[in-house]
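Asker: Could you build the full structure based on these sequences and the hints that come with them?
Below, each chain spelled out in residue letters.
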Amino acid sequence: MSIPKLELVSLVKEYNDGAVVAVDGIDLRVAPGETIALLGPSGCGKSTTLNMIVGLEEPTSGDIHIDGLSIVNIPPGRRNVGLVFQDYAVFPSMTVRQNLAFGLVVRKKDKDHIARAVDEVAELLGMADRLDVRARDLGGSEMQRVAIGRTLVTKPAVLLLDEPLSNLEAAARLAMRRELRRLQSEIGLTIIYVTHDQIEALSLADRIAVMHAGKILQVEKTSVICERPDHVYVAGFLGSPPMNLLAGEITPGQGGATFSHGPLTLALPGDCVLPRGSYTLGLRPESLRLAPEAGAPLAGKVSLVEFRGGDVVVTVDIASVKLDVVLPAAERPVTGQAVGVDFDPDSLVFFGGDSSRRLDLRPMGRPL
Amino acid sequence: MIDTAPDGQTAPVLALENLTKRFRGKTALDGVSFSVPRASLTVILGHAGAGKTTTLRLIAGLDRPDAGRVLLSGRDVAGWQPKDRDVAMIFDNLALYPDKTGFENIASPLLIRKMPREEIAEKVQAMAKVLKIGHTLGRLPATMSGGERQRIALGRALIRTPSLFLLDEPLSSLDAKLRIELRAELRRLQSEHGYSFLMATPDFNEALAIADTVVMLRQGKVVQIAPPQRLYDEPVDRETAQAVGAPLINILPARLDPDGQAIRVAMWRLPVPGHLGPVLAAAPDGFELGIRPENLVLADAAGADLAGQVTDIEPLGLKSVLTVKKGEAEVRVLVESAAAMTVAVGREAGLCVTDPSMLHAFDPASGRRLTA
Amino acid sequence: MPAKKLSLFQAVLLAMALAVVLFPVFWILMTAIKPPTDWNASPAIWVPSEPTLINFKTLFDPNALMEYGVGGVSQSATRAVFGSILASVTATALSVLIGLFAAIGISRYGTESKSTPLIILSGRMFPPAAIAVPFVIIFSNIGLTDSYVGLIAIYVAATLPFSTWMLKSFVDDLPREIEEAAMIDGKSRMRAHLTVTIPLIRGGLFATTMFIFILNWSEFMFALVLSYTNVNTIPVQLAKYVTATAGTLYGVQAALAVLAMVPLVVVGYLIQGHLARGMTFGAIKQ
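Residue numbers (my numbering), protein chains in the order written: chain A, 174 to 541; chain B, 1086 to 1457; chain C, 7 to 292.
These are computed hints drawn from the structure, not numbers from a lab.
Since this is a predicted model, take the numbers as computed values, not measurements.
Ideal Cβ positions, reconstructed from N, Cα and C, are used throughout, including at glycine.
Keep in mind that the hints are not guaranteed to be accurate.
Claimed, not checked - Here are a few chain B residues that face chain C, going by a calculated C-beta distance under 8 Å: (1) R1109; (2) Q1166; (3) P1167; (4) V1172; (5) N1178; (6) Y1182; (7) E1189; (8) S1193; (9) P1194; (10) R1198.
Answerer: Take a look at the structure:
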């Protein structure tokens, strides 16, 4: 990356003299024009990070750069960062036009400049015919577009959105995702989304940074991150349903190494390079299949069948372990049915017991 | 306590007959009728404003219907106070007592019934163990996380054993992950103890995942009552098909060829699906064809059922949604992300229908699904 | 609230405003301890050189001023003080009680419209002076003049709009689902309101009570027209301190005023935090 548009350098935020660590030293580089999602559950520190970039909170230590220059000492209004709040914060009694113009009016730009900028943004958002409607009469997604438009007119260096789709109904959400992706490609801004919803992150971002307990565990291209989770937590967070994770031991043996989790034992491929020790095994629900009990590596009973429309999620109880398996709806079993579970050995994913990082099961060079 | 119906048979735990409720001239519920069998999980599915909360409040006795009857275990409870109806309710805003601890909140129904202290303590501890909230019992709701509060509300409802549990969007304010976890928890509790649940939600994923039966509510009217599979495979009308399922079902204007051999769908021609043949013959003015995105698969542009230009690729993890456009018509298809790598926006792509028997036809005016 | 640092200009401005607002209080305090000779002195005497407590004594011993050659103080103020306490406390209690149940009724079981504020507060929109005389006429027809019953009745009617409105805003702020949860848990409707709704608006209830008390305690117009011999309140008594010989007994008036201020200052202090909250009258949507 040449000069990143936004860079977080060892950013830390503590409260109560270090008793509470909200952000625990994160580094991130966002390229110009890139869209990044900060993804994590509530309490992971993503909103605090957002607040520090905007300037609503001061970092305890570390730095934030925009276009290579540190902004931590610049007051929030002057950082040239746009923020779209979760609840839009649109002025209800003003018209769309007045709302859009607000940022520029405050910055005392001349009338022509304001009019042009407002028209441009309204056109971009598809709200050109709604300019004179009062904001309180708008629908949810229209209000959100106005909220976004309000930041766009000021042409910020970086645009930040806090859980942009959480207040929308399901149908509006789908439409808005498409809208946001179109906007992203048209305006070419550098955008950061903060969200707890992986579908939102997957749909909108070029890269995803998964956060947990104040740290960024993995930053990876969206198209790759589900295939290649680097950390046990990431593997357990992404995916619907997420990867099945079993903590256990690998024991080398005469006939080949085995992985055991309690009473469960799995034979591993012959060229397994992992030494004896504790590991976490990851099994993707989409990579598992149901098979006849006899001869299947795992066998158990179906305890739950969740219908999803096109497919089903089957929970199989195997000796106190529950595995989720995704199957086409047509192949659904019956609750209580005794089944076997089979998988492709290539689909096994291992994470180090201590490091929690992904390890290669086989010699390097063989694709997972 | 209501346990058996006056006629001795096991009546459904809840039956609504023609329930109607108006608020200031607006009709919130219009002749709603359905029943909830004992030991089952029924879900009321509908958008905001469809009447879900109103229905639950009428059942609980918090509001009075303008017309219709509410029968709990066979008895007409018109005029009965909420406390006499033997129902438990979880509100969408939880409504925990803010000045009472977690313990006192859960114990509240038992305290009101003046159960002996030791018995109450026993029951509350057992419940806290099951819901894994033992550590919050001594705290006030304001100091708890969203998930903990949700479980305290659950505990307060479950500590009794009422005939019916009413849940109003109980998981809506939670993180995506926590929502999925608690959903499974609810399902498990229901099936293990044989409770009767009636749950309201706008989220069709939730409805499909845990319901035994789904009651589809739209603008105060019951549109369809069916188990999740049937609601998805045999929606009663176009709006229902669109409300249930993601990505959105493709709805395309279509017409039966005069010679009856093929159907013209937007800019394409498809063979007539077997099960629709007789139906379409009776609909000369054209119809709307419904194709679920997972019912299509990528193929070579030449020889494909539908071909066009790729206008959008939406990655959703291991799968992606492709949008293919020809002329004015747009079609969404769900593909493996790996397959999505083989196409690019702007390039030609072809789609084939995987299972013609899953194609739907809808009447363009009324939206009703056309069936034989 | 954390203290803000003031610029010199702001501090001077604040001092000037305070001086203007507190001057009457200062004057009354000083006048209360002035001997009769200082009352009407010209030029005005700011701080008496020989402060005395004679004015306070006169309140309860009407003849105390004889030594200064001032006679004709008709009665002691004891009755007035008791009268004020009786009228204010009773009227406040009744007003808050009725207002509380009215508030719960309107908030939970009423239909609201844009005219709701108007309907509730319209009772307060008459200037007391305009309706004082008609009230006297009506009350004398039904024999309620010069009685505490009559006075309290008017006080309740006059403050009911306020108590209802303020309490309604507090009840509105409490999600109705909390008491509904209690109803589902097993309490009857009334019990749920008594044991759940009311305790949870404790703070607002306290603030409203204190506010209504202040209104009643300071009321003059109706007390004046409805009191002859049996009824006496502090504001009315203040007006009685005028003699033929010595004119207006400013010092004694000031002394009574000082006594009357005490409860107000105490109550005002207790509710200062809540006052802003109640004053918005539910106008701010949470």
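Asker: Decide, hint by hint, whether the structure agrees.
Answerer: Results for each hint:
{"no.": "1", "hint": "R1109", "in the structure": "holds (7 Å)"}
{"no.": "2", "hint": "Q1166", "in the structure": "holds (6 Å)"}
{"no.": "3", "hint": "P1167", "in the structure": "holds (4 Å)"}
{"no.": "4", "hint": "V1172", "in the structure": "holds (7 Å)"}
{"no.": "5", "hint": "N1178", "in the structure": "holds (6 Å)"}
{"no.": "6", "hint": "Y1182", "in the structure": "holds (6 Å)"}
{"no.": "7", "hint": "E1189", "in the structure": "violated (12 Å)"}
{"no.": "8", "hint": "S1193", "in the structure": "holds (5 Å)"}
{"no.": "9", "hint": "P1194", "in the structure": "holds (4 Å)"}
{"no.": "10", "hint": "R1198", "in the structure": "holds (6 Å)"}
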